[in-house]
Amino acid sequence: MSNQFTDFRDAALLHSMAEALSNYAGRPLTFMEVCGTHTMSIMRYGIKGVLPPAIRLVSGPGCPVCVTESSYIDMAVELAKRPDVILATFGDLLRVPGSRESLQTCKSAGADVRLVYSPLDTLAICHDHPEKQVVFLSIGFETTTPVTALTVLKAQASGIRNLSFLVANKTMPRVLEALVADHDFRIDGFLFPGHVCAITGSRFYEEFCRRYTIPGVIAGFEPADILGGLLGLVAQASEERAEAETYYARVVRREGNEQAQQATADVFTPCAANWRGFGTIPGSGLQLQEAYAAFDAKRRFALTEVEAREPAGCRCSEILKGRIDPTACPLFGTVCLPTSPVGACMVSSEGACAAYYRYR
Amino acid sequence: MCLAVPGKVIRIENTNAVVDVLGVTRSIAVDLIRDLQVGDYLMVHAGYAIEKIDEEEAVRTLELYRELGAVLEEQQDVE
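Those protein sequences? They're chains G and S, same order as listed.
In terms of this note's numbering, the first sequence is residues 1 to 360.
In terms of this note's numbering, the second sequence is residues 361 to 439.
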């Protein structure tokens with residue numbers, strides 16, 4: 001098999017696709033990429049630079065850090081400050097501001113906060129520190145949840161007793177429905193998250209596009225994948241079709257990864273979740289099944305989630321819905337900077353504001 | 361947070377596989393992959409394989425991309 005990157009970054013192919021896209025001269029179209037990794041790829045590969053004036057791209061709520069409320073960070077900070085706790089987290093949660101501080105400031109003050117690449121990394125930490133309580137900050141969408149589920153299952157099987165999870169995992173379907181139900185919704189098509197669909201399969205997205213008569217393409221993350229997805233959306237819009245086409249069949253099967261779905265269903269169950277910018281959306285989050293309640297950090301440490309207010313002037317909530325561009329927020333580039341972020345959209349490496357700022 | 365990289369399986373060790381990602385090797389969990397063989401390509405995210413990469417589909421997708429560019433160009437010429 002040829003190198004997986006090269007073919008999808010072939011200069012000649014990209015050039016012809018970009019040219020085809022830039023030749024579009026039809027009615028104005030606004031497309032939304034849902035996934036934060038798409039936001040990042042679009043910025044990194046300069047996709048917006050080849051778009052014709054008639055095509056606009058906005059970012060959606062698929063950035064798990066961006067949609068995590070500051071009340072979650074407050075609970076994490078409370079845990080981190082406990083001398084008996086080792087907090088394990090993905091890197092991009094580190095600098096998200098809570099009501100008073102971030103995990104970074106906590107860490108600088110001496111709290112044991114460790115960055116992990118995978119939740120599975122916590123198992124070794126538990127083994128090496130039996131005297132400590134290891135807490136994993138469990139966030140993510142359907143791509144990430146299976147490996148967290150796997151970690152719970154492995155911890156259970158190994159008899160690990162000093163591990164717990166602060167769960168804020170979320171799923172895409174209900175937030176997508178909330179987006180289209182909004183009376184201000186004016187999106188002409190979706191670039192759907194390719195790796196979420198590798199896990200879940202494409203069925204929901206096919207039904208979604210049919211039900212709401214909106215074009216959709218399940219896209220991968222290489223430059224050719226993004227250009228291909230956009231060309232597909234333009235074609236659907238031009239031909240007045242509305243379906244979810246899979247352009248990432250090399251990892252997305254219609255039924256998805258059933259083992260991963262099973263692991264998720266065994267360990268987690270749907271619940272209501274708080275999304276920054278959307279409020280509470282029923283059935284959009286995941287919590288541990290009763291059988292795994294012993295691994296729930298909220299229970300183990302008797303934590304209460306205190307509702308936190310948005311910082312004054314922060315417009316992350318509108319940005320997450322694709323209503324405004326980051327540049328419309330008065331704090332963007334003035335008070336809110338990557339070095340001193342106010343909102344989560346600037347902190348997360350996949351946030352719309354961080355992407356805009358980096359590639360401006 | 362869908363960030364994932366393709367890796368080539370060079371060794372399988374129980375429920376883990378050692379994969380080569382552009383020269384860097386890493387042990388990742390393959391509990392959620394069926395019928396894995398050395399030489400297969402996997403999409404790796406947060407320490408586990410989310411799916412195998414299907415080479416035939418990859419080739420088909422590239423073909424689709426070549427066609428898409430051409431079709432849209434034709435449409436623009438007609439308008």
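Hints were generated in silico from the structure; no laboratory data involved.
Remember, it's a predicted structure, so these values are computed and weren't measured experimentally.
Some hints here could point you the wrong way.
Unchecked claim - The calculated label-pair distances, taken between Cβ atoms and stated as ranges, are:
id: 1; chain 1: S; residue 1: Q397; chain 2: G; residue 2: T327; range: 48 to 54 Å
id: 2; chain 1: G; residue 1: P52; chain 2: S; residue 2: E417; range: 25 to 31 Å
id: 3; chain 1: S; residue 1: V381; chain 2: G; residue 2: T280; range: 14 to 20 Å
id: 4; chain 1: S; residue 1: E423; chain 2: G; residue 2: P52; range: 43 to 49 Å
id: 5; chain 1: G; residue 1: H129; chain 2: S; residue 2: E415; range: 42 to 48 Å
id: 6; chain 1: S; residue 1: R386; chain 2: G; residue 2: S22; range: 45 to 51 Å
Claimed, not checked - Just a sample of chain S residues kept apart from chain G, beta carbon distances all over 10 Å, derived:
id: 7; residue: L363
id: 8; residue: R371
id: 9; residue: E373
id: 10; residue: L392
id: 11; residue: H405
id: 12; residue: I410
id: 13; residue: T421
id: 14; residue: L424
id: 15; residue: L428
Stated by the list, open to error - Per the computed footprint, the stretches of chain G lying under chain S, defined by three or more beta-carbons under 8 Å from a beta-carbon of chain S, are:
id: 16; segment: 174-182
id: 17; segment: 210-219
Yeah, the Cβ is synthetic: ideal placement off N, Cα and C, and Gly gets one too.
Verification of the supplied hints:
1. S:Q397 <-> G:T327: 48 to 54 Å: holds (49 Å)
2. G:P52 <-> S:E417: 25 to 31 Å: Holds, at about 30 Å.
3. S:V381 <-> G:T280: 14 to 20 Å: Taking Cβ atoms as reference, V381 of chain S and T280 of chain G lie about 39 Å apart, which means the hint is violated.
4. S:E423 <-> G:P52: 43 to 49 Å: Distance hint for E423 of chain S, P52 of chain G is violated at roughly 25 Å.
5. G:H129 <-> S:E415: 42 to 48 Å: holds (43 Å)
6. S:R386 <-> G:S22: 45 to 51 Å: At roughly 39 Å between Cβ atoms, S22 of chain G and R386 of chain S fall outside 45 to 51 Å, so the hint is violated.
7. L363: violated (5 Å)
8. R371: At about 17 Å from chain G, R371 of chain S clears the 10 Å cut-off, so the statement holds.
9. E373: holds (14 Å)
10. L392: violated (4 Å)
11. H405: violated (6 Å)
12. I410: violated (5 Å)
13. T421: Contrary to the label, T421 of chain S does not stay out of reach of chain G, its closest Cβ about 6 Å off (not over 10 Å).
14. L424: violated (7 Å)
15. L428: The claim breaks: L428 of chain S does not keep its Cβ more than 10 Å from every Cβ of chain G (closest is about 4 Å).
16. 174-182: Check failed, 0 qualifying residues.
17. 210-219: violated (count 0)
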